[in-house]
Amino acid sequence: MDPFYAALSFYRRLKYEECAAVCTELLEKSPYDQAVWTLKMKAVTEQVYVDDIEAEEEGIAEALMDNDTMAQVARPGTSLRTPSTEKGGPNQGLRPRTQTGRPLSGVVRPATQSGRPGTMEQALRTPRTARTARPVTSQSARSVRLGTASMLTESGGPFIQLSRLNLGKYAAQGNIAKPLFEYIFYHENDIRHAMELAVQATQACQFKDWWWKVQLGKCYFTLGLIRDAEQQFRSALKQNQKVEIFLRLARVYIRLDQPLSALDVCKTGLEYFPGEVTLTTEIARLFEGLNNIPTSIKYYRDVLKEDSTHVEAIACIGMQHFYTDQPEISLRFYRRLLQMGIYNAELFNNLGLCCFYAQQYDMTLTCFEQALSLASEEAVADVWYNIAHVAIGVGDCNLAMQCLRLCLSADSNHASAYNNLGMLEMRLGHRDQARAFFQAAGSLAPYLFEPHHNYAKLAEEMGDLQTSYIVIQKALQAYPSHVSSQELLQKLQKHFAFM
Amino acid sequence: MAVPIFTFSLNQKLLPGRVTIGKYDGTHSCLTAATTADKVLVHSPHRHLGLAVGRVVPSDTNKELALLNINQSVLSVCAGNLNVAEERDVLVVGTPTNLLAYDVENNTDIFYEEAGCISAVVTIGKLGSLPNPLAIAGGNCSLQGFDYKGNDPFWTVTGDNVCSLALMDFDHDGENELIVGSEDFEIRVFKEDNIINEQTETETVTTLAALGSSKFGYGLANGTVGIYEKLQRLWRVKSKNRAVSVYGYDLNGDGVEELITGWSNGKIDARSSRTGEVIFKDNLNHSIAGIVEGDYRLSGKNDLICCSVEGEVRGYNLSRQVTMRSSISAGSVTVETDAIRDLFTKKQALLLELRNYEGNNQFSEISAGDMGQQLAAANQHVGIIPAQTRLQTGVAINMGTEQKPPHVEISLSTNNETVIAAVMVFAEGIFEGETHVLHPKPSEVSSRLDVALYPPRDVPVDIHIKIAMWINQNFLLLTDYEVEGDLNTTFLSLRDNVEVTLSMDSNGQMSVITHNMALAGDIIQSLATFLNLQELQVVTANFPEEQEKIGELLKNISALQDVRLRLGAEMADHSGLIRSLVVRAEDARLLDDMKSMRKWYLELNDVNTDLIRGYNIRCKNHQELLDALKQLNVIIQKAAQLRVGKYKTSVVNLCRIALKNNNLNSLVKILKTGEA
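In order, the protein sequence lines correspond to chains W and X. According to the UniProt record's numbering, the first sequence holds residues 1 to 499 in order. According to the UniProt record's numbering, the second sequence holds residues 1 to 676 in order.
Keep in mind that the hints are not guaranteed to be accurate.
Computed list of chain W residues with no C-beta within reach of chain X, every gap over 10 Å [said to hold, decoys possible]:
(1) 14
(2) 30
(3) 47
(4) 50
(5) 69
(6) 192
(7) 257
(8) 261
(9) 264
(10) 461
(11) 470
(12) 484
Quick partial rundown of chain W residues pointing at chain X, CB under 8 Å, derived from the structure [what the hints assert, rightly or not]:
(13) 31
(14) 70
(15) 71
(16) 195
(17) 230
Everything labelled a hint here was simulated from the structure, so no lab data went into it. C-beta atoms are modelled at their ideal positions from N, C-alpha and C, and glycine is treated no differently.
Turn these sequences into a full structure, and let the hints steer you where they fit.
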């Protein structure tokens, strides 16, 4: 068989490594064969190719040092940073919040958990827990995590020496320029060279090729030149409407913190592609980010109508049902996920919780056992935490305490576990220990209102009114409409006024 | 009279001239201003709490102050309604490279357009017969109007950088005209693409304000403010301070808007639009940043709001009583005071003259009997000019010698032995400033003096053209009699010693031969006005130098843009590096790893130096690019000047299309023939 045909066949069968190997051999014989060269580029790129729309994440440096957003204090409901107060959704007491003040999401996506840190110190300390590792800059985001190919040492030097490449020559050749760009962008992660190529290539085709505009926009976006990226995407959209461009433009607006503009873009996209799943998902995520859970769920349902195996949509709807006190329905959604072949600790954990609250006790413990056997280091703490919930539910305080301690041994920064442990200690009358636990929880997760509230209550009982007064204000900061906290504050204020 | 009804401080430093007010939610006015930190401040006191009517309480929490990050220096802000379908105002911000329309209420961009060049001034409103309101940005010799979709249906060029804009119905046809003040001291009135009026002022026109009934107020960089009604200047005053902002507001409730002026020394005054009489004044502690009008107390009426650069805000309106009194005084009393003032000045002048005569007499009596020669000598010492002295003046054109460039000469001589010790020429637009003082050396004092004038601007051309017109007039008369006469006249332009040849053959074809495109344009324009031509298409205009220049310019511009792009990418790359270095260094600091922290910071320092170097290069590049664009616009404007009427606008539009497509050949052709 002709080795080049073999290489092509490997490529088509997604055997990229073999394909690249054959190409390398061919290139040794005839170093100037452009077809082989291009094929090798494509094969090597495919090996490291990732869906960079899904994997996109803002780095620490961008989050802290860039001011791409227009409004610093936008009207509530028009910004992802100042989420609106709930609109008919479940309140904070029922559905826990993440650090950003948004309800937990059904799935973990980039940037759903880590919030916008206030200071550099906070930003650097948070990801020390390993599970929320954030990239330093968005340019390094993917490369650090996936170990960019350019970092790997290759025998006989790198495949293409970018600095020696005559970009102008290749930019004019459309069939080589595109794979070359992707190689530089994805494989080498050398944005500057990729951009130079893209600039020359768009000029070579007289700004008539939308593809190059999108690539140029991608480069600008990665470099942090958001406005230039916006222009490129917009101009590309005028020439050709593609789902990818709509999504990327929406991401530009999300970076600019203009969720309503992003929604607008997605909706325009839906006019061209009615029922498009990725666009609908993006809208649902945006509403979730805006704290508008009911609308978000509506869009997730739309997604499910088009694609009944959409994991994110199922998980989010299931989660919403769970926190709106319908664990039975939630159970159905999670079981659907199980049927689809998802088999991990998180799912079994959720199933176990649903079973417990739906009063199917026989299934509860088996689910948790399954979850524990599947759980990785990181997830095991959460599983133990939830088992503690079950134990509390059945009134077995000893078991609950043991579970919580196991949870803390797996993850010593689990704030909710500290809080619950404190609560249990308080019931046993160990007030000093309880206070220590509450303090620990409060300092680990200032965004939770429970530890503050509990600590304030405890302090008030112990007669330490000053501390109680200070701490209850923190609780109200995290959850302004919490009735019990408000009452306590009023009581304290009255007391102080009386004195 | 008017008293401040509220005053508060924004606690932010504002930039002068960049203040506006908008109803972003459709009902509540929000004061909006550019701050010194490249941010735009939106003050919305009515957003959160329903305040008691009549009081504006600045909050301590600063919640009502929202800052918008622009990340570029803010050159202009303007709020207005762009989308007719929505009853809300949109904030338009002009930056050195872009024009941004932003919906404050919804935190969304409406458009973000590259305005080609600096958007130094922005105004919003309907223009001419265009259906949608436009955000009109003026800058580097060009004017561009965007609608809410980001399209630009309006684009034209002007003679120089635009400094001020105003929209008003100038000719009472129910449609708005655009008034443009620019750096070449001109105030032009655009009716869509056509210039319908042009006025020359004495300095850069920094601010314009539309007043009712085709009046508009203007302020110049030298401290002059005044009012035009149509083509006629009603009055003007000059101050040593600079007028930062002028605004039309009916302060005394007589139904006629007064001209409110905010000065650079913090003074605010209101002058009657008819007479220029000051009817109200107040002082702020710092220079005025801007004057706007808005309902800031939710009282249903618009108050006058003045802001100073230090963020002090004062609101004024007038109580009814005062309105009554002032309306009376506006009637009969003003006439009387006017008369009295006139008479008083006359009296002063007469007294002065009388005193002069008396002095002369006295002196004559003392020196009676002496010879006339001695008298004159004595006169020199005492400084008295004999009563019968006459001054003779003459204007001549001097073609210049080797030492002296060509100039216009005014020769002055007296009819007796009185010497001219100093000459003070008072005129506008010929010199920088208004007066030109000439002191001959004491040894050269004589009774005759030549004043050489080097007009910096178009005046020589004007003088020249007047002569040309005169000859044309004569010639036209001539052709009436003898049809077969070819005219061939050659002039010499004073400005750069370029020959101008006007020739006309028997079948009415006329050719103007000169190397100077601007001069040819001026000749054609004045000819057209003189002959009352509505439309004139020049068949061929051949200016090889200009064409060459335009080719070079285009090449230059594209090269500069390439470099700019590369520099931009480099800078972004560097800043990315800097970011990650900062994070790494901080990380090292938190871990108490001083060694690596030092390493990171050293590296950071190197990258930073690189970045600054790159920035300086970029600045220079940007300046060059702007200059090139400006020259290009000027050439297009000159080419347009060669045509009259609709051909003129079509040249501008065609040039623009050619520029968009980067088509050099078609551009040259358009300049040549006026057609694509």
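Status of each hint after checking the structure:
Here residue 14 of chain W stays apart from chain X, with its beta-carbon at least about 33 Å from theirs, past the 10 Å limit. No beta-carbon of chain X is positioned within 10 Å of the beta-carbon of residue 30 of chain W; the least distance is around 34 Å. Residue 47 of chain W, annotated as away from the interface, keeps every beta carbon of chain X farther than 10 Å; the closest lies near 25 Å. For residue 50 of chain W, the shortest C-beta to C-beta distance to chain X comes to about 20 Å, beyond the 10 Å cut-off, and the non-interface label holds.
Separation of residue 69 of chain W from chain X is inadequate, the least Cβ-Cβ distance of about 6 Å not exceeding the 10 Å criterion. The beta carbon of residue 192 of chain W sits about 5 Å from the closest Cβ of chain X, which is not more than 10 Å, so the claim that it is off the interface is violated. Residue-level check failed: residue 257 of chain W sits 7 Å from the nearest beta carbon of chain X, not beyond 10 Å. A beta-carbon of chain X is positioned within 10 Å of the beta-carbon of residue 261 of chain W; the least distance is around 4 Å.
Not every Cβ of chain X is farther than 10 Å from the Cβ of residue 264 of chain W; the closest lies at roughly 7 Å, contradicting the non-interface assignment. Look at residue 461 of chain W: its CB is around 33 Å from the nearest CB on chain X, clear of 10 Å, so calling it non-interface holds up. Every CB of chain X lies more than 10 Å from the CB of residue 470 of chain W, the least distance being 20 Å, so the non-interface label holds. Once the 10 Å rule is applied to beta carbons, residue 484 of chain W is consistent with being away from chain X; the minimum gap is 26 Å.
Nearest Cβ of chain X to the Cβ of residue 31 of chain W: about 30 Å, over the 8 Å cut. The hint is violated. The beta carbon of residue 70 of chain W comes within 5 Å of a beta carbon in chain X, closer than 8 Å, and the hint placing it at the interface holds. Against a cut-off of 8 Å between C-beta atoms, the interface hint on residue 71 of chain W holds, since the closest Cβ of chain X lies about 5 Å away. A distance limit of 8 Å between C-beta atoms decides the matter here; for residue 195 of chain W the minimum to chain X is near 5 Å, and the interface restraint holds.
For residue 230 of chain W, the interface hint holds, the least distance from its beta-carbon to any beta-carbon of chain X being 7 Å, beneath 8 Å.
In this structure, the hints that do not hold are numbers 5, 6, 7, 8, 9, 13, in rising order.
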